[in-house]
Amino acid sequence: MTTMPTTTLAGQSTQEGDTAGKRPAATPSRRRSTARGRQSRAAWVLAAPFLALFLAFMLLPVVWSTLMSLTDTQSADLRTPLNVSFTGFDNYVRLFQDPQFFTALRNTGVFVLVALPLTLAAGLAAAVALDSGIRRFRAVFRVGFYLPVITSIVAVAVVWKTLLEPHAGLVNTVLAWFGIDGPAWLADTRFALPVMILMAVWRNLGTVMIIMLAGLQSVPQSLMEAAELDGAGAWQRFWRVTFPLLRPALLLTAVTTGIGYLQFFDEPFVMTDGGPLDSTLSATLYAYKQFGNGNYGVASAAGYVVFVLIIALTVLQFRVLRDKD
Amino acid sequence: MSTLRPTARTLQIACATVAAALLATGCGRSDDTAAADKDPAKISSGKAKGKLVMWSMGDKADKDLQGLAKKFEQQNPDVTVQITAVPWDAAHEKLTTSIAGGNTPDLSLIGSTWMAEMAAMNGFQATPASFKSSAFFPGQWDTTKYKDTAYGVPFIADTSVIYYRSDITEKAGIKGAPADDWAGYLKDLKAIQATAGKQNAKLRNATQLQVGFNSWLFWLPMVWQQGGDIYDADAKKFTFDTPAVAEALEYYSGIFKDKLTPNDKTDARQNIQNGLIGTVQQGASTGGDLHKNAPELDSKWQTMPLPKATQAAGLAGGSDLAVFKDAKNADAAWKFVKFLTEPENLAAYGEASGNLPAAVGSWSEGELSQNTKMAAFETQLKVTKAPPAITTWQQVADAIDSELEKLAYGKATVADVQKALQSKATSIGTGR
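Chains as they are written, first to last, in my numbering: chain X, 1 to 325; chain W, 326 to 757.
By construction, these hints were calculated from the structure, which means they are not laboratory data.
Note that this is a predicted model, so its numbers are computed, not measured.
The C-beta atom is built at its ideal place from N, Cα and C for all residues, glycine as well.
The reader is advised that the hints may include incorrect statements.
Keeping only pairs whose Cα atoms sit at most 16 Å apart, straight-line, the calculated EDC-like set for lysine to aspartate or glutamate is [to be verified]:
no. : chain 1 : residue 1 : chain 2 : residue 2
1   : X       : Lys161    : X       : Asp72
2   : W       : Lys749    : X       : Asp188
3   : W       : Lys707    : W       : Asp467
4   : W       : Lys736    : X       : Asp188
5   : W       : Lys731    : X       : Asp188
6   : W       : Lys561    : W       : Asp473
7   : X       : Lys161    : X       : Asp273
8   : X       : Lys161    : W       : Asp592
9   : X       : Lys161    : W       : Asp589
10  : W       : Lys744    : W       : Asp589
11  : W       : Lys372    : W       : Asp656
Sample of chain X residues lacking proximity to chain W, with all beta carbon distances greater than 10 Å (derived) [said to hold, decoys possible]:
no. : residue
12  : Ser132
13  : Leu198
14  : Phe243
Excised from the complex, chain X in its bound form (with noise of 0.2 Å):
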């Protein structure tokens, strides 16, 4: 994402010296070279608001929490930044002396490793239903799954949190119906990260739907006669042929998805503020909150954590789900 201008600029200067080099060498020296100038100059031009924006709002932001997080900053430095000591990886120590700091970890991962084979599964199960049988509504399905990808997220956990209320919600008041009496959802230890798992995937699984359906729908329909022919029975056609093709639009959604779910925030952030007893505590919510206290340095040290974490989750994906040829 943010290489791209500079290896647009760097195409350019090349094919510009290639065709440089072609021209008679009669051309005077000087004049080519002030040619090229004058262009690298315009390309700069051009690239400069980029740049701009670039530097002050991606590598300042994070040049700034790195150092952050090596040194005690707190909110009440801000305006007398001298006061900040260099302190190493303390607030690192720190953090993984903080029981609270594992337990969003072990949230988080909970969260990710469930809710994301779960998403990768129903998007699947989604794409190969709509793909094969449901043709007639096929729209209304579509549609009907991807609603909840668009909508906002905090619309969303507002709206299940209101049908998740314990005396007056629909949830409840349903299985009241049955003489059920249903629990406190969100306000239980034992329901409410599932009930967010749950929501993530519903909300999640009509994006990797509609990446597979694209991908299904390019399976070339002589491979599938071929292997019918050959005895292949429905199921064993799926997995030899349909999977395999699949396999790099499985790799882009678990990925992005991975990515998404690892930073889980917005859902426990509206709905319950991490509780109960931090059972939706996530990493990404510790950070936050640790800057709302003025933490500063661990703040920005829990944020390193999660982005190695991302790092590590997506290499270990590309080298599970990779095309082997």
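Guided by the hints, dock chain W onto chain X, whose structure is given.
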């Protein structure tokens, strides 16, 4: 959730840059650069002049403030007041960044629990000597203090009292208000609970205590009511290991153990309106909302001060007016603060906005002096205290919240919680 984290490449660049930057600056602490200016600001005589910019939180309150600003402009023809509304959600961040950047307005409303933090950032001017602390409720005045110096003037007071549904308490055989001491109040709660589902068909719980976020607001006064405290300002030590704290924890957890309160985190205001609970501890805005949403209940609820143990106590919240160190028109700003906090003006503002005036004199003005439902607030405000004025308070408060939550869910004993609080608070410290 969709924003991508920085790529590995940017991280590499960042690391290299940081290493260079650290080498270049040497990054050490210099002494005393943050020592806040303790000399009180001076106000000139004569009328206010020039342009004045004020930030204010809350949309309705802002409109009522405009009226007072107009009056101020009439009295001081050479001044123009511009009031900018800032939503409460964004206020803390906006204030800290503007102080850090030296890009502040002239004055602002400041949440009382933020005063210590922002005064420590050297953001405010010390309050001029012409403001007399005796004109304000003592607890409210203390919210302006950081390291024994006042950095603002109390404006909106806030404290919570007990609201009770008289239709529910009467059916439990309680005549008038529930008892005003811990033992009697608990007995009354048990009597109310016994009527749940019977005489009081809709009632689920006798009362509702806050669980989780911000539960410290409700628990801390219980410590003070025992005559104790959680922080010794002279010794700069936390005192969670004292008997008073143990008593307060026992009292708090007992209410959960006896199932007098739910721990399901439902909306207490909604519950009292719907008759699901009988009593609740809330601030002034709850009364305003009850009146607005369910005027038919007006004759069925009343207020009373918090029950006391060895003494009466409550928590001083609300907001203060502060003039920034970098104010361009500090003189006019202080004059406006003076004007706003005059008992008569503050009473008019309180009446219009539904907020409680922090000036003692305002309570004998106009409608406030006649409202029986507000009388409990006045009684309470006389005995309120401010939470410790330390920059790390929010972290300590968070620790209290999470430990109290364990009590509410029956996951820890009072002794565990007391020990955990003392060690957590001590390791958080009181800031530099």
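Going through the hints against the structure:
1. X:Lys161 with X:Asp72: violated (37 Å)
2. W:Lys749 with X:Asp188: Distance ~25 Å between lysine 749 (chain W) and aspartate 188 (chain X) Cα, so the pair is violated.
3. W:Lys707 with W:Asp467: holds (13 Å)
4. W:Lys736 with X:Asp188: holds (13 Å)
5. W:Lys731 with X:Asp188: holds (13 Å)
6. W:Lys561 with W:Asp473: holds (13 Å)
7. X:Lys161 with X:Asp273: holds (12 Å)
8. X:Lys161 with W:Asp592: With Cα atoms ~12 Å apart, lysine 161 (chain X) and aspartate 592 (chain W) stay inside 16 Å; holds.
9. X:Lys161 with W:Asp589: Roughly 13 Å between the alpha carbons, so the hint for lysine 161 (chain X) and aspartate 589 (chain W) holds.
10. W:Lys744 with W:Asp589: violated (26 Å)
11. W:Lys372 with W:Asp656: holds (10 Å)
12. Ser132: holds (30 Å)
13. Leu198: holds (17 Å)
14. Phe243: Non-interface label stands for phenylalanine 243 (chain X): nearest chain W Cβ at 27 Å, farther than 10 Å.
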